[in-house]
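Now for the letters of each chain:
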Amino acid sequence: MPDATSIDDIPTLETADPPAASEGLLASMTRIRVFEDEVMKLFSLNLVRGSTHLCQGQEAVTVGVSSVMQPGDTMTCTYRGHGATLALGSDVDRCFGEILGRVGGLARGRGGSMHFIDPDRGALGSNAIVGGHLPLSAGAALSAKLLGTGSVCIAYSGDGSTNIGAFHESVNLAAIWKLPVVFVIENNQYGEYSPLASTTPIARLADRAIAYGIPGVFVDGNDVVSMAHVAGIAIERARRGEGPTLIEANTYRQQGHSRSDPATYRPAGELEYWLAKDPIENLRRAMARSGRWTDEQVDAIHTAVTAEVVEAKDRALTWPEPGADERLRDVYA
Amino acid sequence: MTQINYRQVIARAISDAMAEDDRVILIGEDVGAAGGAFKTTVGLFEEWGGDRVRDTPISEQAIVGAALGAAITGLRPIAEIMFADFAGVCFDQIVNQVAKYRYMSAGQVTVPLTIRMANGAGAGFAAQHSQAAENWFLNVPGLMIAVPSTVEDLYGLIRSAVRENNPVLVFEHKNLFALKGELPDKETGVVPLGVADVVRAGKDVTIVATQQMRHRAVEAAELLAAECIEATVIDPRTLVPFDDAAVVRSLEETSRLLVVQECPPGGSWGASLVSRMMTQHWELFDAAPVLISTDETPVPYGAAMEAAWLPSTERIVEAARTMVAY
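If you read the protein sequences in the order shown, they are chains A and F.
Here our numbering is used: position 160 in the first sequence is 207, and no number is missing along the way.
Here our numbering is used: position 181 in the second sequence is 199, and no number is missing along the way.
Just to be clear, a hint being listed does not mean it is correct.
[Claimed, not checked] Which stretches of chain A does chain F cover? Using the computed rule of at least three CB atoms under 8 angstroms from a CB of chain F, they are:
{"#": "1", "region": "102-108"}
{"#": "2", "region": "160-167"}
[What the hints assert, rightly or not] Once the Cα atoms are required to be at most 20 angstroms apart in a straight line, the calculated DMTMM-like pairs of lysine to aspartate or glutamate come out as:
{"#": "3", "chain 1": "A", "residue 1": "K225", "chain 2": "F", "residue 2": "D69"}
{"#": "4", "chain 1": "F", "residue 1": "K221", "chain 2": "F", "residue 2": "E170"}
{"#": "5", "chain 1": "F", "residue 1": "K118", "chain 2": "A", "residue 2": "D372"}
{"#": "6", "chain 1": "F", "residue 1": "K57", "chain 2": "F", "residue 2": "D73"}
{"#": "7", "chain 1": "A", "residue 1": "K88", "chain 2": "A", "residue 2": "D308"}
{"#": "8", "chain 1": "F", "residue 1": "K221", "chain 2": "F", "residue 2": "E245"}
{"#": "9", "chain 1": "A", "residue 1": "K225", "chain 2": "F", "residue 2": "E38"}
{"#": "10", "chain 1": "A", "residue 1": "K192", "chain 2": "F", "residue 2": "E271"}
{"#": "11", "chain 1": "A", "residue 1": "K88", "chain 2": "A", "residue 2": "D361"}
{"#": "12", "chain 1": "F", "residue 1": "K204", "chain 2": "F", "residue 2": "E170"}
{"#": "13", "chain 1": "A", "residue 1": "K192", "chain 2": "A", "residue 2": "E289"}
{"#": "14", "chain 1": "F", "residue 1": "K57", "chain 2": "F", "residue 2": "E200"}
{"#": "15", "chain 1": "A", "residue 1": "K225", "chain 2": "A", "residue 2": "D138"}
{"#": "16", "chain 1": "F", "residue 1": "K118", "chain 2": "A", "residue 2": "D377"}
{"#": "17", "chain 1": "A", "residue 1": "K225", "chain 2": "F", "residue 2": "E170"}
{"#": "18", "chain 1": "A", "residue 1": "K192", "chain 2": "F", "residue 2": "D69"}
{"#": "19", "chain 1": "F", "residue 1": "K204", "chain 2": "F", "residue 2": "E38"}
{"#": "20", "chain 1": "A", "residue 1": "K192", "chain 2": "F", "residue 2": "D73"}
{"#": "21", "chain 1": "A", "residue 1": "K225", "chain 2": "A", "residue 2": "E289"}
{"#": "22", "chain 1": "F", "residue 1": "K221", "chain 2": "F", "residue 2": "E271"}
{"#": "23", "chain 1": "F", "residue 1": "K57", "chain 2": "F", "residue 2": "D110"}
{"#": "24", "chain 1": "F", "residue 1": "K221", "chain 2": "F", "residue 2": "D262"}
{"#": "25", "chain 1": "F", "residue 1": "K118", "chain 2": "A", "residue 2": "E373"}
{"#": "26", "chain 1": "F", "residue 1": "K57", "chain 2": "F", "residue 2": "D34"}
{"#": "27", "chain 1": "F", "residue 1": "K57", "chain 2": "F", "residue 2": "E47"}
{"#": "28", "chain 1": "A", "residue 1": "K192", "chain 2": "F", "residue 2": "E301"}
{"#": "29", "chain 1": "A", "residue 1": "K225", "chain 2": "F", "residue 2": "D48"}
{"#": "30", "chain 1": "F", "residue 1": "K204", "chain 2": "F", "residue 2": "E65"}
{"#": "31", "chain 1": "F", "residue 1": "K204", "chain 2": "F", "residue 2": "D34"}
{"#": "32", "chain 1": "F", "residue 1": "K221", "chain 2": "F", "residue 2": "E237"}
{"#": "33", "chain 1": "A", "residue 1": "K225", "chain 2": "A", "residue 2": "D254"}
{"#": "34", "chain 1": "A", "residue 1": "K324", "chain 2": "A", "residue 2": "E61"}
[Unchecked claim] Short derived list, chain A residues pointing at chain F, Cβ under 10 angstroms:
{"#": "35", "residue": "P118"}
{"#": "36", "residue": "L171"}
{"#": "37", "residue": "S245"}
{"#": "38", "residue": "I249"}
I should point out that these hints are in silico values taken from the structure, not numbers from a laboratory.
Where a beta carbon is used, it is the ideal one built from N, C-alpha and C, also for glycine.
Please build the complete structure, drawing on both the sequences and the hints.
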């Protein structure tokens, strides 16, 4: 039986030199952070309909994983999925456009914040039903296996998803069929408003892997180097035909569940504790410590990415909304 | 011609679909080595192998969802969920995932997916194994629904479903498994979705019925003919899309509509059909339409209770007689 923490000696930003690719990793995480901050502003301007679920604080998970994916690999994610999609390289303006409900959006404004999809980049869709995309992820992996494409599907889900039946059915199916899928649990400590300990009787979600006879790995989800290392091993294992891995990425949702949630249920000091472990600051500090980047170089990344994101937002705001007639399209092929 | 029954023709249809397109796979509980819980997939595992004919765990959400994921990434899966009642276990996957996926993507993905399940009452399987579940899905845009009544239609609609670039639910009525017919031709036996079968033509009353009820409607029409009442019997074959035009053409002659269905009246395909015809073609009617349904209870087990629960041939005859006398 595989050990629940079957990847030893996971490198961290504390123990390892930041990789040469750190600039790209920092840019990608910053892009997501600035994007989400801008989405909050758009909300406050009443330019966004319905709800939205932001992922500030969780950027290292998706950026780390995406950094070791190959072209042709696929990805599914949750309604908190802006970061996962941006990390795969989706156009920032099209992402804004989708949230704004504009014709230039990823799905022409049909889906909104919870339904990002970008098949050309392997993003098979963010899903607004907790765990609802996990069976689909196994299916994408089944295609890869039967068609011999060599691709791997990354299936992100939240800690809360581990308590819904679709999670169990999907991981079990993937395990029994040895499908090339990697299940990445973004443990941001809360399922909606409920702290994990109030809904889940075990402390380590990675331990659930034992029940499926697959490797489970607990990793610091605020450390992009650790994330990339663990994901790389799991992805290559899947690509070799050895089946799925369950990764628990320990991270924190710096905002509330959705725009209507001020997160007053957090214990005193918790947010501050996690802000001190902010994934972007973690990487910036490591880059500075290494002496290979000056503060100016690191700051320049932030400045350039911020300008790029704001420009993309401004561009998306110029796009028209789809006409009412568009609602009748694409029900059937 | 070769005789074959409704049960056996399923494997033939799937096998011919697999021969036609190597992207077609079949997944479900015991569909492989065991040949299917109803022996509807006998021989497929031996013929096509375990990659394409795959036994799954008892995991309906995973079966339907995995088939969806495979469908949007290059395969043309057929998923079996055994008893149609079990669609309740994977309702989210069918109505929130499968049905909405193309729409939410603004047409960037297509879902060439067939979901087969065994439907209906009359064989003593009781409440959780007998419901005609097709009505659950009528209010879900994005799905197509096939309800074949004969060997030929079952073969032809499965073939169409697998060729279709949209999700199609195929309901196989398990009280028709022993029904015999001719083995359809691989090429000419494909039945298009959305085209009704006018089983019998008559000028006095239009009877619309599916699956088990279609056969009772034909039986009733023959009894009515002995009384010089000539009934048209229309089997829509698919509920989505529904061949309204075939019903309208018949109503233009008969002016009387009798719908027979194996389900309670509320939220049913028959109620919807009556509503559409009355609101869009009220000028065609000479009498109030009649909807014959089951009782508004779950399906009972005991033989007398189940027989009484299902609309009988006699009820159809009596209703037609009353309408024509009106």
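Okay, the hints, checked on the actual structure:
no. : hint            : in the structure
1   : 102-108         : violated (count 0)
2   : 160-167         : holds (count 3)
3   : A:K225 x F:D69  : 12 angstroms, holds
4   : F:K221 x F:E170 : 26 angstroms, violated
5   : F:K118 x A:D372 : 18 angstroms, holds
6   : F:K57 x F:D73   : 14 angstroms, holds
7   : A:K88 x A:D308  : 15 angstroms, holds
8   : F:K221 x F:E245 : 14 angstroms, holds
9   : A:K225 x F:E38  : 28 angstroms, violated
10  : A:K192 x F:E271 : 56 angstroms, violated
11  : A:K88 x A:D361  : 13 angstroms, holds
12  : F:K204 x F:E170 : 11 angstroms, holds
13  : A:K192 x A:E289 : 11 angstroms, holds
14  : F:K57 x F:E200  : 19 angstroms, holds
15  : A:K225 x A:D138 : 33 angstroms, violated
16  : F:K118 x A:D377 : 10 angstroms, holds
17  : A:K225 x F:E170 : 39 angstroms, violated
18  : A:K192 x F:D69  : 9 angstroms, holds
19  : F:K204 x F:E38  : 10 angstroms, holds
20  : A:K192 x F:D73  : 16 angstroms, holds
21  : A:K225 x A:E289 : 6 angstroms, holds
22  : F:K221 x F:E271 : 6 angstroms, holds
23  : F:K57 x F:D110  : 28 angstroms, violated
24  : F:K221 x F:D262 : 18 angstroms, holds
25  : F:K118 x A:E373 : 15 angstroms, holds
26  : F:K57 x F:D34   : 17 angstroms, holds
27  : F:K57 x F:E47   : 12 angstroms, holds
28  : A:K192 x F:E301 : 58 angstroms, violated
29  : A:K225 x F:D48  : 19 angstroms, holds
30  : F:K204 x F:E65  : 17 angstroms, holds
31  : F:K204 x F:D34  : 7 angstroms, holds
32  : F:K221 x F:E237 : 17 angstroms, holds
33  : A:K225 x A:D254 : 19 angstroms, holds
34  : A:K324 x A:E61  : 12 angstroms, holds
35  : P118            : 15 angstroms, violated
36  : L171            : 7 angstroms, holds
37  : S245            : 24 angstroms, violated
38  : I249            : 22 angstroms, violated
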